[in-house]
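Sequence lines, in order, name chains G and W.
Quick note on numbering that gives the first Met the number 0: the first sequence kicks off at 0 and runs consecutively.
Quick note on numbering that gives the first Met the number 0: the second sequence kicks off at 0 and runs consecutively.
Derived by calculation from the structure, the hints in this document are not laboratory data.
Heads up, none of these hints are tricks.
In the PhoX-like style, the derived pairs of lysine-lysine whose C-alpha atoms are separated by at most 25 Å in a straight line are:
1) W/Lys235 with G/Lys243
2) G/Lys255 with W/Lys133
3) W/Lys204 with G/Lys255
4) G/Lys243 with W/Lys204
5) G/Lys242 with W/Lys109
6) W/Lys109 with G/Lys255
What you are looking at is a predicted structure, and each value in this text was computed from that prediction instead of being measured.
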Amino acid sequence: MIVRGSDRVLVMGITGKQGTFWTERMQAYGTRVIGGTNPSKAGTTHCNVPVFATARDAMKGAAFDVAVLFIPPLMVKEAALDAIEAGARGLVVLTEHIPVQDVMYFVAAAKERSVWILGPNTAGAVTPGECFAGFMPAFNERVFRKGSIGVVSRSGSLGVLFCLNVVQAGYGESAFLGIGGDPIIGTTTRDALAALDHFPGTEAVVMVGEIGGSMEEEAAEYAKTMAKPVVAFIAGGAAPEGKKMGHAGAIVMGEKGSYRSKRSALEAAGVTVLDTPSDVGAALKARLGS
Amino acid sequence: MNFEEHAAKPLLAGHGIAVPRGALAKTPDEAAAVAAGIGAVVIKAQVAAGKRGKAGGIKLAATPEEARTHARAIIGMEIAGHRVKKVLVEEQLPIARELYAAVLNDASSKGPLVMFSTAGGMDIEEVATTAPGKLRRKPIDIRGGFSRADAAALVQGLALGASEAAVANALVKLYEAYAAFDAELLEINPLIVARDGRVVALDCKFVMDDGAIVRHPDVARAGTPDRLTGLEASAKAAGLKYIDLDGDVGVLANGAGLTMTTMDVIRHYGGRPANFLEIGGEAYTQAQPALELLLSKPGIRSLVINFCGAFARTDVMTQGVIDAIGALKPRLPIFFSVHGTGDEEAIKLLKERLGVTPLPTMNDACEAAVKAAVKRTAA
Chain G
0 MIVRGSDRVL VMGITGKQGT FWTERMQAYG TRVIGGTNPS KAGTTHCNVP VFATARDAMK
60 GAAFDVAVLF IPPLMVKEAA LDAIEAGARG LVVLTEHIPV QDVMYFVAAA KERSVWILGP
120 NTAGAVTPGE CFAGFMPAFN ERVFRKGSIG VVSRSGSLGV LFCLNVVQAG YGESAFLGIG
180 GDPIIGTTTR DALAALDHFP GTEAVVMVGE IGGSMEEEAA EYAKTMAKPV VAFIAGGAAP
240 EGKKMGHAGA IVMGEKGSYR SKRSALEAAG VTVLDTPSDV GAALKARLGS
Chain W
0 MNFEEHAAKP LLAGHGIAVP RGALAKTPDE AAAVAAGIGA VVIKAQVAAG KRGKAGGIKL
60 AATPEEARTH ARAIIGMEIA GHRVKKVLVE EQLPIARELY AAVLNDASSK GPLVMFSTAG
120 GMDIEEVATT APGKLRRKPI DIRGGFSRAD AAALVQGLAL GASEAAVANA LVKLYEAYAA
180 FDAELLEINP LIVARDGRVV ALDCKFVMDD GAIVRHPDVA RAGTPDRLTG LEASAKAAGL
240 KYIDLDGDVG VLANGAGLTM TTMDVIRHYG GRPANFLEIG GEAYTQAQPA LELLLSKPGI
300 RSLVINFCGA FARTDVMTQG VIDAIGALKP RLPIFFSVHG TGDEEAIKLL KERLGVTPLP
360 TMNDACEAAV KAAVKRTAA
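Chain G with its partners taken away, still in its complex shape (with noise of 0.2 Å):
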């Protein structure tokens, strides 16, 4: 799910506000974008690429790799049914809100033929000096810049929070993730701490994860098998009981999905876990040497 310079985009949605106003950012940072779908402007042209109504008819006329859906919750479904049919490798689903049984029937449908998704309710992936897909501020240098450290967050705000902590330090990225904040998604934190481990140049692996769920615990699992340096930072800490925080997906029931699960979970793992994102610098350090 490390999408690529070269591979081909396709942007569902690409006539709306934001598609548009993304489509334009990642064309200017270098993603490839091939063609855009909206079923009632097939056959124009918006972003300087050709629009069709569907996926499948964008193969055809534009094979693509990778879609990127801008799609409203309600049409989610059928929009990503379409791409995983029309033969994508990967898609990225930016949308919030999406009902969650239509959710676990697009990500069956996509893990039967071996596509990847990330989110729903992700920001993107941005893979710093090649491309980005979504919506992340890739362009600006103050919070991506090529470089070894591979990035994994649920959350678009605070992931961008790191990657700027990260250069800060005077590192940068190979690769960021975003995985998304509902309680069911299609790339887990395991699954991304994997993608990254295996990706060239990636020297270390900062891992953002936040209350809710068992993905930490599950990606300590695979954390301990590693031989690359893992930094994770837990959000939720100070957050009360039995609250949805904001994603569907940060609630805490009894000790379920509580912060020091996840935590002693990670250190067990040999995890350095940080108290504040502010010390994710010093702590790359640590474990890198300077």
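Given chain G, work out where chain W should sit, using these hints.
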């Protein structure tokens, strides 16, 4: 969205799962009247909370007079922080077996999970820990659904005898209702086999997926709205994600992860966050109403405004903040941290319009706000 038992059971009945005869009562007299038409009844407090029985919210009544007495005791009672306003009055059924059945959205299998146990009537989390062998689980591929054969396999070998087919049938209906109403959780505990062999849902817990409420406006009307404070209700009406907390350092940030982290860092420096308020996603244009709302909260002594733009443009959010400050002229100290999409423009706006420079890091902003709150408490 949670549904109380009386609102959830008709959904099961509509899908062919038997439920006891009964009716809702809001007064002791109504409870007695319902009981008079039924005979021996059970009086059940209607609140969206578990363990009602242990709290004294469920009582048996042999006569209408007893029903009246129990209803009088239960209505007005407080269970897990909820005031009881109504009771469900239902026929008593002679029980042969108590079972457990549920369908829920399962994050680890990324699909629906059907659960079944013959240890019904107990706290299922207790069963899962003390006797995990008694809890059967079947992860489902939602594209194919839950078949009659799946149900038969899940209930076989449990000595259900002549009622085995009827129990399997109830599981199939339960899954149908789960799918039809976009449930996050649909649970029957207990699902009983009555002495006459009928399979009946004695209780029902239903949580609808919040993201799917728009698909079921009519059903959702019977749901229980979240209990919100005044400010939380105003925020919700304005499309903002806001939670009241009891500290004195106010928080405005964009994105759930960043907002939680701002709270964490305030706590790290020994302060107490006053709230959770995020204007992530499409709501990033709502900085002005968000800040106006927050400034109306009593007891806030200082404020952290922490923006890290990805999708959300920090210049647009900052403009909203400047407008709110211009309109309300707050006197409390405000500390900014601004990074990411649109930050150069945002920093320029702050300098020009407010004469303010954001602090270099969010840690700096949170630490300064905690110190300012302490100082104002002492003053």
